[in-house]
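**Q** Kindly generate the complete structure, drawing on both the sequences and the hints.
2 protein chains.
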Amino acid sequence: NDLFLFILLNIVFLPATSAIGESCHATKPNMLNVHLVPHTHDDVGWLKTVDQYYYGDRNDIQHAGVQYILDSVVDQLLKNPDRRFIYVETAFFYRWWKQQSSSMQQTVKQLVNEGRLEFVNGGWCMSDEATTHYSAVIDQMTMGLRFLNETFGPCGRPRVAWHIDPFGHAREHASMFAQMGYDGFFFGRLDYQDRARRMIDKEQELLWRASDSLTPPMADLFTGILPNGYNPPQGFCWDQSCDDPPIRDDPDLEDYNVDDVVNRFLTIASAQAAVYKTNHIIMTMGSDFQYENANLWYKNLDKLIHYVNAQQANGIKVNVLYSTPSCYLQELHRANLTWSLKTDDFFPYADDAHDFWTGYFTSRPALKRYERISNSNLQVTCNQLEVLGGPVSRNGHFGEGDSQTMMKAMAVAQHHDAVSGTEKQHVANDYARRLANGWQHCQVVVSNSLAALSGSSAQRIYCDNLNISVCPLTESSKKFSVNVYNPLARPVTWPVRLPVNGTAYTVSDAKGKAVDCQVSVVPVSRATQEVRRNWGFAVNELVFQVQAPPLGYSTYSVSLVKDGPPPTSTKYNASDGNNSQSDQPSGAYIFRPNSSTPFIISQTAKTETVQNSVVQEVRQWFAPWVSQVVRLYADSRALELEWTVGPLPIDDSLGKEVITRLDTSIKTSEIFYTDSNGREVLQRKKDFRPTWHLKQSEPIAGNYYPINSRAFIKDDVDQLTVVTDRSQGGGSIHNGSLEIMLHRRLLYDDVRGVGEPLNETSNIFPEGLVVRGRLLLSLDPPPTAADTHRPLAQEMVLQPLLTFTDGNLNPHTQLEVSEEGENDRFSGLQAALPPAVHLLTLTQWDKDSVLLRLEHQFQSWESKVNSQPVTINLQKLFSTLEVLGMSELNLSANQWKDEMIRFDWKPQTGTGHTHTYSVNLMTIWPTVLQITFILDYMYKLFPTDF
Amino acid sequence: NDLFLFILLNIVFLPATSAIGESCHATKPNMLNVHLVPHTHDDVGWLKTVDQYYYGDRNDIQHAGVQYILDSVVDQLLKNPDRRFIYVETAFFYRWWKQQSSSMQQTVKQLVNEGRLEFVNGGWCMSDEATTHYSAVIDQMTMGLRFLNETFGPCGRPRVAWHIDPFGHAREHASMFAQMGYDGFFFGRLDYQDRARRMIDKEQELLWRASDSLTPPMADLFTGILPNGYNPPQGFCWDQSCDDPPIRDDPDLEDYNVDDVVNRFLTIASAQAAVYKTNHIIMTMGSDFQYENANLWYKNLDKLIHYVNAQQANGIKVNVLYSTPSCYLQELHRANLTWSLKTDDFFPYADDAHDFWTGYFTSRPALKRYERISNSNLQVTCNQLEVLGGPVSRNGHFGEGDSQTMMKAMAVAQHHDAVSGTEKQHVANDYARRLANGWQHCQVVVSNSLAALSGSSAQRIYCDNLNISVCPLTESSKKFSVNVYNPLARPVTWPVRLPVNGTAYTVSDAKGKAVDCQVSVVPVSRATQEVRRNWGFAVNELVFQVQAPPLGYSTYSVSLVKDGPPPTSTKYNASDGNNSQSDQPSGAYIFRPNSSTPFIISQTAKTETVQNSVVQEVRQWFAPWVSQVVRLYADSRALELEWTVGPLPIDDSLGKEVITRLDTSIKTSEIFYTDSNGREVLQRKKDFRPTWHLKQSEPIAGNYYPINSRAFIKDDVDQLTVVTDRSQGGGSIHNGSLEIMLHRRLLYDDVRGVGEPLNETSNIFPEGLVVRGRLLLSLDPPPTAADTHRPLAQEMVLQPLLTFTDGNLNPHTQLEVSEEGENDRFSGLQAALPPAVHLLTLTQWDKDSVLLRLEHQFQSWESKVNSQPVTINLQKLFSTLEVLGMSELNLSANQWKDEMIRFDWKPQTGTGHTHTYSVNLMTIWPTVLQITFILDYMYKLFPTDF
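Residue numbers (UniProt numbering), protein chains in the order written: chain X, 1 to 946; chain P, 1 to 946.
None of these hints come from the bench; they were simulated from the model. Among the hints, a few may not be true.
Below, in silico cross-link-like pairs of lysine-lysine (DSSO-like), each with a Cα-Cα straight-line distance of 30 Å or less [unchecked claim]: (1) X:K303 x P:K79; (2) X:K408 x X:K897; (3) P:K98 x X:K303; (4) X:K847 x X:K98; (5) P:K109 x X:K79; (6) P:K478 x P:K562; (7) P:K109 x P:K277; (8) P:K303 x X:K408; (9) P:K28 x P:K79; (10) P:K79 x X:K79; (11) P:K408 x X:K303; (12) X:K109 x P:K277; (13) P:K79 x X:K109; (14) X:K478 x X:K513; (15) P:K906 x P:K277; (16) X:K79 x P:K98; (17) P:K303 x X:K79; (18) P:K303 x X:K98; (19) X:K714 x X:K695; (20) P:K562 x X:K303; (21) X:K685 x X:K667; (22) P:K79 x X:K98; (23) P:K562 x P:K511.
Partial selection, computed: residues in chain P whose CB lies under 8 Å from chain X [as the list claims (entries may be wrong)]: (24) Y54; (25) Q62; (26) D75; (27) E150; (28) R248; (29) E640.
Predicted model, so just to flag it, every value in this text is computed and none were measured. Note that CB positions come from ideal geometry on N, CA and C, so glycine has one too.
**A** Right under this line is the structure:
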């Protein structure tokens, strides 16, 4: 019958017969081939907002207008079929594309089909690698690549990942790129010592083995380090933003310079060829927001190619050609050489002895947290609840909602000057504004979906300020209910803290069973108190534990019964750039304390304790601007440190960088561990890099690494794991010690382009931003530590969503339900997934299909119990969806999995074999991420109105 | 026989059926029509050299590349047939055109034919008006317009003169433009008080009657003052060099601003309409070197037009359209109004109370002189001698020579940042280098021509440094001959001063007759002495008077017989911009002395006198850096003041502006007279402007006027006329006094863009430039003064050319001559022309035709004898050329005279009638300049080798 009819997918993936070979210019085997790659690097926000960059607004800040870049490049490509261009950031390309006429669109398609315009990378943005979470990176890549795929088909599929600007490179990014089917990866920034060594050893091109768990070559990625960052060689920048001399080839005019230009170019090409392996070299001919007037570039490049190649007649063995990264990569592949193998990552990044870009691991901690919460909201509300609630989610009782707004906002927030915190203040505000706007659109989806699932159209109220104990409803209502939606594929228990003004409440669960709850006084922090005064002011907090089923919700009722603070925080003073070794100050990018010994904010703290059946708390005040609550909930295996820092005082004219340091008796031998983009964990060692002999020049900043979700130290007996609620920087400077930077406020720009000191204030915090966050500490025996921290971190990333309804449900808006209380509890899964399996993505793909990603979240070595293959029956996964068919895709969902054929590269050590596995009854190996499906489905149960 | 065969002209002037009406966009009679005129203003040298500007070289100085502008504009015009563009400077357009493919050339022709690309002005450059000589202006206009005519035909003929940037406007320029057939004239700069008055009275558009002698409307020129200089209205600059917000019309992106843009535009348009007469207004949408990326401009202008005109549906009576100056002018003409009449000029130009642009009348006096000499050389050698010597002039015994190099160098030197002295030093050097290079090419023409005419191929030697008494030949040779070529159409007598080391010489003329000559000691100036020491060092000067026939030469032989200073100079100290009234310093543009009382350099002078049969001299030394020789030659009616000024001392950290002041007993009543571009004379009155009530704020600088060739003061009895050898600034500050600024050296930039103080040094003059010049003083009864100063100035402008040959002529290189001595004397005319008639131009036009310009050089009121019509028989003009046919043209030689039909405009006062006259037997009325012919000719006498 109809239920089992297999519905054809709307999106047709044409077989990706490679057009690269055909569109690449011929090279000359007996010559040095110089691949000129015209390109622009268009930040999706930095000194200007993404839309200001698109339109070319606020050119007083920076001259940059992407609409004109794309206009101009297309024009110039049409003038000479030899010319090539690559485009990277789909966030911009998408904006431009939808403003074009259909004839222009047709023209661009032709250029793409002929390989004259090539997309590289192709995500919505070029994501940051140090401060992003893999979940959001996959989403933003998927969004960009999906647009390219739907618009251009296989010729629009990028073959090359291109992260020319991010400030250091994460191994997990390389792993993801490999699983997205990229043939290679190019970047521009790496440690200056690392580069120097690689130049000597000709190891600027290498094979990166990006997972210690996945079977090679699953996570192998050919990686190339570009010769000049991403700029043209010196003297050959012909953009309107450059001053290099144009090629003056009219002998009738003064200063004919063709001979000079050709000689300079040959000298540079020869020097470059000396530090690379093959007789092919690449030159990036472009830079930030270049090609707004592409004629300047191409006119001179045409001449350069003409006049240099004319020297071949004089015996010069140099062949210059327009090229693209994929054409260049193809030649490297054809060279059939072996390449050095790298298994660690490219952090931290230093561009000089005292210039470690480790500050941005923590810069703008409030934005970093907001981005992380937004991801949680996006996954829950815009994605999962849209699927589970059916079409009525998008257009239902509460109006029209959508997920696109939030998805786009999240996608631009992944940019390497967004969540990284390295943008100007007004741009940071814009990212936050976009996320807030996205959330508004999502709330409609949530309300519609919950109405459909629960059968109640009661108004849903959202309390987005619970982190500062503000929620007007709970503060004033005598009776309200709390819906707790759990986005994880397993049941969760979660502490709920609600601001209230009463002194006694009763709480009951969906079955009407009483839940233990306690009221305590809200811990007072001077700064947050000031803010809360403007918004409302709850005296007390109601605390209780809630439980919610996998991919579902439960509802709790709250009724008023009666109207009625321990570790140490320290600080480094920030460098003002004024000491004898270097004048590099700390700034948005760079961390450089003026002393290696942190200042203790206070040896003693004022403390209060709270102890009841739900929670034990120690509330600590170290200074007016630093306080902390240490909490242990009943049954919890983790200790919670809720820190509140700010406004950082600057009346001594010194910037401040506040860390929290956990000193233990664990014998660390200078070794510690940090995660990569929230997934696999890498070992770190103080003053050590795995691939070169480090000369350490910054004892603190040079030992900081990004912490996206967790870090730990261990010895044979104990492992202390810290799970963070956002990306932060941290390190282990002393034996047994683990420090995490919480907040930073700086008075000098660090001269990397932002042009502003990182000195955050806002209307609400005119004296400096106050930031609050949580660290979860878990102390376990090392062999079982992952069994704790993996689920703990997951719960931190994908939080339950709380929604509220006031009073008793209005009987008139209640839908008919089959039995009492049934609609107060719902699960979208037939059963919880095994602990090792994480439901990473569940999102509407098109009308009749959803995108599903499952991952194995344990590394192969970290758990006896969980680091094992797990088998899942996809047909029996969902409680309300009938799966009619499924098709496996690459990780970024822009290619059928069985058509994902990547270049094979020979490492200098190690061999790989392809790992195969079947689909329907799905077995997932440890750390496997690439289980991405499109499922065709029908709703088989709720909502009732289908 | 063949001699009288009429040879067809190569250049075909198609009938100029106006395409303007067809190509202009329709306007709306019941609305305010806003004519948007996209344009670029491309200085032919200023901060960069002309070729640097063309190529976009040295963008570190200023971002500007004209090649890209033209590339870009053509591309963008093709994208939308509604778009318009005007181009002005043919020096650039020519460079670009010759680099284009024939298909691109065809495309551009199509754009021109359709009126989408319109040439305005069209001269080689946009000439300066204060410091140029009419002769060179006519030449540069002719060169540019000829190129356009030959390339594009009548559709390429500019209808509108366009001097948007020059710093004040000369009446003679207006007269010339009228005689070149322009229908109207637009400019941007005028005195700020003048503009204010005209805005109130709606007299920013007017009829300029540019001659007091020519019959109206012969020199009437409709003149429009542009609303914003030549810039776009505030907030509407969309060039890549501007920061104004683009039109953001995508409601999906942030900051949608269409409503705001439309409202701001309507407000501006309405304000502008209030100060103009018709329901048409013009907006210049562009500025300096804009449209390098024309897409930015046009994309936003397209939107502006679309969104503003969309408001017509809402009852807004504003119609915006792409337009050109000629389309706008056509609408003004159709309005059929009367226009206020102006008969004076627009000097001096002040843009604020203390900001009089009168310094540049004198800035760079050495360059100004070099330009004037170069014009003389060009007329003589590249033009006249090329014609008289026949084809062998261009390719003869001494190799290949050409006139184009010098013509182009002279043409760019007319630019308003060239001879004006308002360019950067390296650019001034480039102009001089071009002139020097042109002169090298010309010398070959001269040598070839004189060899052909004289029958002698003896080596011709050129002594270009006679002004500092350096000539290696005459200093060392015991026997040499001097060829004196006279470019005037009447015989001249001329003093020759040659540096020699002997103490006695004999000089004989072409007939062998002895000529009185005298040897005296070279007057010593410390600075020039230093220079001459490096080059040679003559102790003595040989002085004698030479005579030369009209348009011909005579030769003098010199043989060695025996081996062997009074007026006052004062100075103003230049303002350093630091006094209470204004911080405007003197600079290249602006004159602003720090006191109204000049400092007397010295009340007494060290003097020497020389008196002999040839000359009487008083040699005066006022200071080490100011000296003067006062000379009176036998039979001369003028007193010569040879001044030598420099290096101006700056050890007191004050700039210096050196004037010479002639104090007389003439009762001037604050009235004095200066010429306009070397032609008609205008009356000036201290602290007075004819068309508005002047509030004088700078008593000296505000009373300075340009002097191009002469100035005079007079009363009923006496007229003192000063003839200058270059353009200078001057005024009459006190009764009976006339002062002329000779040299200036300044230590501050005057903030008009040059970015350099006018502080000239050179390799030869590292301590500051030394400048030498001559003033000729003539004291006459007023009614006959012009009979003296007209020919005197003429001789100053077109000097005899001296060439030298060493020793006896070598007999082996002598050509056969019919009788002894005949070839030592030659005249190209059958007879001298009457004194009133000046042979302005005689130049090769093409292989079989020459361009001839005759002018009547007296104003209608200035001479009883000479201010009369004169009749010339053109058939009997030349001695060696047989005139086969002749055709009269407009002044710029780009249109047949009888096809020159200009718009007729109604002045508010006065009426005009067309003046007609016949051709063959040519009668020339006083001040008439427009007698321009192409003559078809054959050589009938010499050279013998035809």
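**Q** Run every hint past the structure and note whether it holds.
**A** Evaluated hints:
Distance restraint check for K303 of chain X and K79 of chain P: the Cα-Cα separation of roughly 26 Å lies within the 30 Å cut-off, and the hinted pair is therefore satisfied. Proximity of K408 of chain X to K897 of chain X is assessed by CA-CA distance (about 26 Å); at most 30 Å being required, the pair is judged to hold. Annotation: proposed proximity of K98 of chain P to K303 of chain X holds, straight-line Cα distance about 17 Å (limit 30 Å). Taking the CA atoms of K847 of chain X and K98 of chain X, the gap is near 22 Å; set against the 30 Å cutoff, the hint holds.
For the suggested pair K109 of chain P and K79 of chain X, the alpha carbons sit about 19 Å apart, so the restraint of at most 30 Å is met. Using a Cα cut-off of 30 Å, the hinted pair K478 of chain P and K562 of chain P holds, with the two alpha carbons roughly 10 Å apart. A C-alpha spacing of about 35 Å is found between K109 of chain P and K277 of chain P, which places the hinted pair above 30 Å, so the restraint is violated. Pair hint K303 of chain P plus K408 of chain X holds up; C-alpha atoms about 27 Å apart against a cutoff of 30 Å.
A hinted pair counts as satisfied when its Cα atoms are at most 30 Å apart, and K28 of chain P with K79 of chain P qualifies at roughly 25 Å. With a C-alpha separation of about 14 Å, the suggested pair K79 of chain P and K79 of chain X falls inside the 30 Å cut-off, and the hint holds. Taken as a hint, the K408 of chain P and K303 of chain X pair is honoured in the structure, with Cα atoms around 27 Å apart against an allowance of 30 Å. Proposed proximity of K109 of chain X and K277 of chain P is contradicted: the alpha carbons are some 52 Å apart, above 30 Å.
The suggested pairing of K79 of chain P with K109 of chain X holds, with an alpha-carbon distance near 19 Å, which does not exceed 30 Å. The straight-line distance between the Cα atoms of K478 of chain X and K513 of chain X is roughly 19 Å, inside the 30 Å bound, and the hint therefore holds. Note on K906 of chain P and K277 of chain P: the hinted pairing holds, with a Cα-Cα distance of about 14 Å set against a maximum of 30 Å. This hinted pair checks out: K79 of chain X and K98 of chain P have alpha carbons roughly 19 Å apart, not beyond 30 Å.
In summary, the hint linking K303 of chain P to K79 of chain X is supported, as the alpha carbons are separated by about 26 Å, within the 30 Å threshold. Our distance criterion of 30 Å between C-alpha atoms is met by K303 of chain P and K98 of chain X, whose separation comes to about 17 Å. The straight-line distance between the Cα atoms of K714 of chain X and K695 of chain X is roughly 26 Å, inside the 30 Å bound, and the hint therefore holds. With a CA separation close to 65 Å, the supplied pair K562 of chain P and K303 of chain X exceeds the 30 Å bound.
Only pairs whose Cα atoms come within 30 Å are accepted, and K685 of chain X paired with K667 of chain X is accepted, the gap being roughly 13 Å. Proposed proximity of K79 of chain P and K98 of chain X is supported: the alpha carbons are some 19 Å apart, at most 30 Å. Restraint check for K562 of chain P and K511 of chain P: the C-alpha separation of about 24 Å stays at or below 30 Å, so the hint holds. Given the 8 Å rule on beta carbons, the hint for Y54 of chain P holds: about 7 Å separates it from the nearest Cβ of chain X.
The closest approach between the C-beta of Q62 of chain P and any C-beta of chain X is roughly 10 Å, which is over the 8 Å cut-off, so the hint fails. Interface restraint check: D75 of chain P against chain X, minimum CB-CB distance 6 Å, threshold 8 Å, status holds. Checking E150 of chain P against chain X by beta carbon gives a least distance of about 18 Å; that is not within 8 Å, so the hint is violated. Because the smallest distance between the Cβ of R248 of chain P and any Cβ of chain X comes to about 5 Å, under 8 Å, the interface hint for this residue holds.
Restraint check, E640 of chain P versus chain X: the minimum CB separation of about 38 Å is more than 8 Å; hint violated.
Checked against the numbered hints given earlier, the structure breaks hints 7, 12, 20, 25, 27, 29 and satisfies all the rest.
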